[in-house]
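Which chain is which? The protein sequence lines are A and B, in order. Sequence positions in the first sequence follow this note's numbering and run 1 to 578. Sequence positions in the second sequence follow this note's numbering and run 1 to 340.
Don't read these hints as lab results, they were simulated from the structure. No experiment lies behind these values; they were computed from the predicted model shown. Cβ atoms here follow ideal geometry from the backbone N, Cα and C, with glycine treated the same way. Among these hints, one or two may not hold up.
[As the list claims (entries may be wrong)] Label pairs and their in silico Cβ distance ranges:
1. A:G63 - B:G102: 57 to 65 Å
2. B:F166 - A:V178: 25 to 33 Å
3. B:E103 - A:K533: 40 to 48 Å
4. B:P195 - A:V423: 50 to 58 Å
5. B:T78 - A:E325: 37 to 45 Å
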Amino acid sequence: MRRKFGALPIGVLTVALVASGCSETTNDPAGGNQQSVVQTGSIATDPADSQGPAKAVEGATKGGTVKLLHAAEFEHLDPQKIYVSDALSMATQFARTLTGYKEDGTGALKLVGDLATNAGEDVNGDCKVWKYTLKDGLKFEDGTPITGADVVYGVSRSFDPEWGVGPTYIQQWLTGAVEYNTTYKGPFQSAGAEVPGLKADGNVITFTFPQPQCETPYAVAMPTTAPVPQAKDTKGDYDRKPVSSGPYMIKEHAYDQYIDFVRNPNWDANTDPIRNAYPDGIRVEFGIDAEASANRIVANAADDQTAFMWANVPAAVLSKTNTPEVKERVKAGPSQYVEYTWINTDRVTDLKVRQALNYAVDRDAIIKVRGGTDQFGSTIISPTIAGYENFNAYDGGPTGNAEKAKELLGGKTIKLTYAFPNVPVRQQMAAKTKEVYAKAGIELVLTPLDPATYYDSVGTKGNQYDLIRGGWGADWPSASTVIPALLDGRTIRDKGNQNLAYFNNDEVNKEIDRIKGLKATESAAEWAKLDKKIMTDFAPLIPQYYIGNYEITGSKVGGTFLSDSYGHLTLNTMFVKP
Amino acid sequence: MSNTPAAADSRSPSTEDTAVAVVQPETAAKAFVGRSPGQLAWIRLKRDRTAFASFITVVFFILLAVLAPVISRLYGITATEGFSEKLTYQGLPTGYLGGISGEHWLGLEAGIGRDLFMQLIFGMRTSLIIAFLSATISIVLGVILGIVSGYFGGWVDQTLTWFTDFMLAFPFLVFALAIIPIINTASYDVGEEVPGSFRIAVIIGVFALFGWMTTARLVRGQILSLREREYVEAARAAGAGSGHILFKQLLPNIWAPILVSFSLALPGFIAAEAALSFLNIGVVEPTPDLGRLVYYGRQWLGTPDWAYFLIPATTVFIAVLAFNLLGDSLRDALDPKSSK
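All chains, please: the whole structure from these sequences, using the hints.
Next comes the structure, spelled out in C-alpha cells:
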C-alpha cells in the first residue's frame, strides 16, 4: 500500500516543527515491548454459555453511530467468500455462524454456540459426526425464520469452483480430499445434488466426516457456515448486499465509498450470547488510508470522536499517540500472525549453523525498524493461540548473542542468501538483518524478489535461498492450523510449499499425527510442547516477532478491545459514550 | 545560436571586438588585447557571483562524494552500521533533533538506526556516479547522432530525426518502471544476487537511452548552419574526408553548447535517479541512496525526527539547484548573447 506523496502546506510543516522539533526524545522503558495477556481459549462445555443475551458491558449505553475509517473496500462481503481479517471482523455483525467467539478482553476467549445451541455435539465420541441444533427464534432481516436448510445452502455455496476464495476446511473435511469440488460443485453448477456429508433435518444439522475432525467447533465459526436464504441468493451481487442474520443489516452500500449498517429489527438479543449491539448504526467509510485515519482519530475532532480503525497506526504517527489522553484510546496487542525467517534445511544442513542463526538474531533492532508495535517472539505459535507457552530455546537476550553464535560456528565464517519481497519496509528489514548477522560473522547476500511472485519463488522445492522471509497466521486459536500446515514434511510438493524450511522429520510427523487425533481440549498443550521440541532439536526457522496490532478509537468509543479471534477492535461490545 | 563564439583557430575579428567591448569597457580605448573566447568566458564566469557560489557548492558535494570512504574512516562509522540501541522502542532516535550529537552529526535514521551523515555522503556518491556517467554517455550519443544527422542530411537525417522524435515521445517514467526490474531479474538466475553495481549500470543505461535526444537536436541544428560555412567548403575543396570535417572542423566549433547541455543534464539525472529510488525501482538496500532516504524520511515528518526527512531532501534540493545554476552561468558565460 503505497501512499501518495502529497504536498504538505508550509503552515502545517512549521507547526509540526515548532511542536516537535526542539524537545528531547527519551526512551520510556515503561512503554517498551509490552507482553500482552496470554490466551486462555477453550471450547465452552456449559450450554448456558451459548445462551443469550450477551453479558452487559459496564457503563454501556444504547444509541449513536460508530464510524470505521478504512483504506479500501472490503474484498468480499459474501459470507462464503470472506477470508480477510477486516471482512471477517465486519461479518460478525451481519453473518452469524454455527459457533462464535465470546470474549471479554482479558484473553479468556470462549467458543460458544452462536446460531447453534452449543459448540457442537460429537455424536459418537470419535470426532467424525458432529451435530448442531439451531436455536429457536432466529430470523433473517426480512423476518423469515433461519432453518437448517439455510445453513446447508450456505455451506454448499462454498463448493463453487469459480469462487475458491474463502476458507476450505469444511469442504475438504466433508469430502475427505484436498481437491474438494471435483464431483459436487455447489448449488449453481450441481443444482439439486446433495452436499456430501452434510444433512439438515428441520433445525438439526449433521456433519459426517470420513476422518476424525476434532476441531470442527472452530471450523464452523468461520463464515462458511453463515446461513443464506436460497430464495434471496443474488449470486454475484450477494457480495454487495448479503442478507443479514446478525444485529445489523446493510441499508446502503456505495461501492468503494461507504456502507451504512442499521439495526436489523428481526434480530433477537435473547438468542445471541456474543453481541451486545449497542450502537444504532455502523458507518464504514472507504478511501481513507491508515496515515490519514490515524491522524484524524488522534486529532479527535467532533466528527471523528466516534471513529475507529482496523489498520495499525503507521510508524510515522506512533509518536503522536504517546500523550496520556491519546494513549488511553490505543489498543495494542499481538495478532495471530508471527513473523519468521525460514532456514532452508535442504541447504543449511548443519544444526549448529541454524542454532547460531537463532542465537545471533537481534529482535530488538528488527522490531524497531517497524516502529515497535510488534512484540518479541521466539516461538512458532503466537500468544493468541490456545496452549501458548512462552520460551526461547536460544536465549541471547533481547538483542541476541553474537558471541554465542560465533562459538557455535567455531570460528567459521559463512555466507547465506536471504530472500525477501522487494518492498521498501522489507528492504530496510533485510538491511538490518544483514547488519545484525555480520556481527556474528555470518554474511548475508540480499536477494530481493518481485513481491507479486514472491511465494511462488520461495515455495518451489530446490530453490537457491538459504534464508527466507515469511509469516503465518492461524485461522482459529489452535496450533493445528499452524504446525501441521507449516512443518509437516509429508506435505512438501514441487511447488507452492508453505513449509519453507523444507523440513521433514519422521519423529515430528508422527507427533503431528498423534496430536491431531486428540480432542481440542487436550491437544493445546501438546502443540506447545511440539513447538518447543522443534525449536530446540531442529531449529528449522527463526521466529522473529509476534506481529502486533496497534489500533485506535475516538474519545467517544467505549467497550471495545482487540479481538483475539480476528485481531481487530471488536464490534460486539462497542458502544458510543454519551 | 549562429553566433556562438568560435574556437581560436576560426574566430572572426568582429566577435572579438564585441567581446572586448563588453568585457572590458575601460580598456577599450587602449590597445586591443588578444583573448580567446575561452579566456573571455572564464573572465565572465569569474565575475558572476552566483556561478562562484554554486561552483563552491558543487565542488563541496563532489569532494564529499569522492572522499566518502576517507571521511567514513575519520568519522569512525560506516554507512551500514546500525545503532538500534540509541532508538526508543518506537524507533525514534533518542536525544534532540533526531539524535544529532557529537558522535552522529546529522542524527540517526529513525527505525533502522543508521548514521544519517554516512548514509547521506555515500548516497551522494551513488547519485553523482549515476548522474556523471549518464550525462557523459548520453551527451556522447547525442553529439554523434546529431553530427551525423546534420552533416549528411537526406535519408540519414530523416531517419535519425524520426527516431529522435520517437524517443522523445516515449514516456520515460513508465518505460523505466517497466524495464528496470525486468532487466535486473532477467539478467540473473533466480536465487542469484543482482549486484548493486549491475543495478546502477542498468539505471545509467536507461538514463543514457532517454537522455541523448535534446543534445542530438541541438547539435544537428548547429551543424546544419555550420556545414555551409566557407571554411568547411574550403576543407572539402582541399580534399578532406567526412570524418576529418566532422570531428576536426565542425566539432570544435560546437563544444560550448555541448558543455552547457552536459552541465544542465547533470542535475536532471540527479533528480531523476532520486525519483526512481523514491518509487523503489532504483538502487536497493544496502546501497545507500538519496532518493530512498527521502522516501523513508518523509514518513517521519511531524514526529520528533523531522530532520530525517529535511536533511536528505534539502541536500537533494541544494545539489540540484547548485548544478543547475552552475550550468546556467556557464551558458551565460559561453554565450552572452543568448537571453537570460
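Practice task
Check each numbered hint from earlier against the structure, then list the numbers of those it violates in ascending order.
Solution key: Violated hints: 2, 4; rest satisfied.
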